[in-house]
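K.L.:
Whenever a hint applies, use it, and build me the whole structure from the sequences.
Here the protein sequences line up with chains L and C, keeping their order.
Taken in order, the first sequence gives residues 1 to 282; the numbers are from my numbering.
Taken in order, the second sequence gives residues 1 to 339; the numbers are from my numbering.
Careful: at least some of the hints might be erroneous.
[What the hints assert, rightly or not] Derived contacts from chain L toward chain C, CB cut-off under 10 Å, selection only:
hint: 1; residue: L34
hint: 2; residue: G36
hint: 3; residue: L39
hint: 4; residue: A40
hint: 5; residue: A108
hint: 6; residue: R115
hint: 7; residue: V147
hint: 8; residue: V211
hint: 9; residue: A215
hint: 10; residue: S253
hint: 11; residue: L265
hint: 12; residue: A267
hint: 13; residue: L270
It is worth saying that the hints were derived from the structure and are not from the lab.
Source: prediction; values computed, not measured.
Heads up, the beta-carbon is just placed ideally off N, CA and C, and yes, glycines get one too.
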Amino acid sequence: MTAVTLKSAPLGVRSRRGTVLRVLPALLLTALALAGPWLAPEAIDAPVTAPYAEPGGDAPLGGDQLGRDVLSRVLAGGRELVVTSLLVALLVTVTAALLGAVSALRPAVGRFVERAADVLMLLPAVLGILLVTLSWPDGGRLAVVTVSVVLGVPYAVRLVAGAAAPVAASGYVEAAAVGGERLGYLVVREVLPNLRATLLALFGLRFVAAVYLVATAGFLQVGPQPPAADWALMIRENSGGILLNPWGVLAPSIGIGLLAMSVNLAAAALVPATGRKAVPAL
Amino acid sequence: MAGSLIPATRPEPAGDSLKRPRPVPAVARAALRLAGVLARRALLLAVLLAFVFAAVELLPGDAANATSERGESAADIAERRQLLGLDRPVLERFWEWMTGLPTGDLGTSARGESVADLLSRPFPNTLLLGGLALLLTLVASVALGCWAAAKPGGMVDRSVSASATGVLALPEFVVAVALVLVFALWTDWLPAVTLTDADGSPASWEMLVLPVLALAIPQIGWNTRIVRAALDDEVKAPHIETAVLDGLPRHRIFTHHLLPGALPTIAAGLATSTGMLLGGAVVVETIFNYPGIGAVLAGAVADRDSPLIAGVVAVTGVVITGVLLLADLVRAWASGGRT
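P.N.:
Written out as structure tokens, the structure reads:
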């Protein structure tokens, strides 16, 4: 998925405390999703009530299509989504940071990455996931992670390369290059340390994109398989009983919705206020 | 995505004045440029198709294995592999697949049916769904973007920007679930599932409302931000300042100076949305039981039918290429007057 570089308050208006307030919900929600499986009161794979039972008694949010406790499954179902998405975001950010810095220093690499992004633009990410997971039936989570990373890197490299270009052209980098420093040294010691804010924001935006893709893969049943408790899978499985117990669908939807929105707002707050562009940058 | 568009201006070759070539007529120059854009887009599409074929071929799955049934002997699978032509050299099949595409031959599904036949009925339905969603996205995001830009920093601006940021990250199926709950189950205003006519199209327009909304809402969020940002940049352009100093009425500046300038960026944003809409359609169709390619792909997931999805990706790639080409032309046309 793509996201817009932000147009927001003028330079200097945004305070440090404001940024913290906008990042906090995402951190809390992520922590809750990670700790969720330990908080679940019931087993996620054993029926405790009637199928699609209404909320009450042992099951505060009712039962799912097999009578399993919806609350427990919702608490347990976020961790895999969050861990997989964090993994994708981390891999994309690290790869894009290295490639982006290299393409700012070596324009030939930059052109190649640009062409790759042009090609991938013709492939909707959801179809890309389906294509790879179907052609690689035993790939499982590895397939989802791999294709999410491959589809995400070109756009992310563009953002990093754009931010790295002025740094690469600055006097001290040129001086180091003339002084005979190797490419690896220039990338890791000279260019990347100056892009910390950009990389942090990029990580947030790629996390949002990854949540979208990993959740959609789960919904299309090419990610986690039953009886796993997974928010996207729960929505798919319980939609048949939406009239009997809407919470089976509503609770995991709220989980994904809140996660996507809060992380997106956090990433938006982290985008550095300088060097913004009107055109979407990744 | 600015990088995918043709540069507005190309530097003139710095030739020796004595050897300066004869001036090329403007029409011929435009035609050459158009041909160049077309060739570039066609090449990108061909690379994508090669990538798709390679993904299907090189990854460890195999259509003959995927459709195997319990108790089937290795000989049966080998026979079906031969029937599907999977035992021939990869390059030969690649050449056959690629040369078949322009004639509308998308290959054979894992079950031995023609992919083109499987897609010919549902694909127009998906195009209708995606096209309506794109239209709604265009109208809503331009309207919201302009409304927000009219008073920068005001209440409207802040609430539009905040809600746009909120919805642009939501997966379509989450939006769809919320819409079904509110409009189908609690208020009973709109149908939650799509029923089809005898010819396989949706039975009434009401059944299109919720799927179109579910698809369009995240894209409206994304494009509203682009429209807003493009207008913001355009306001800073010198010709707008001139227009304001000339005392032109506000609405005239908006429609005659601001919007045309922001048009290329808006077109590029919408072109990017096309891919998201077609991808999201797969998900939304599953929820609303809409008779499009989503239903076909849901079956393909069960069958592990990778040739079928390769066909869908090929057709989708063609559609997106067309939309990007349109955005290129809008950009060339919009910048043509000024450069």
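K.L.:
Hint by hint, say whether it matches the structure.
P.N.:
Against the structure, the hints come out as follows:
{"no.": "1", "hint": "L34", "result": "violated (20 Å)"}
{"no.": "2", "hint": "G36", "result": "violated (18 Å)"}
{"no.": "3", "hint": "L39", "result": "violated (23 Å)"}
{"no.": "4", "hint": "A40", "result": "violated (22 Å)"}
{"no.": "5", "hint": "A108", "result": "violated (16 Å)"}
{"no.": "6", "hint": "R115", "result": "holds (8 Å)"}
{"no.": "7", "hint": "V147", "result": "holds (9 Å)"}
{"no.": "8", "hint": "V211", "result": "holds (8 Å)"}
{"no.": "9", "hint": "A215", "result": "holds (5 Å)"}
{"no.": "10", "hint": "S253", "result": "holds (5 Å)"}
{"no.": "11", "hint": "L265", "result": "holds (6 Å)"}
{"no.": "12", "hint": "A267", "result": "holds (9 Å)"}
{"no.": "13", "hint": "L270", "result": "violated (13 Å)"}
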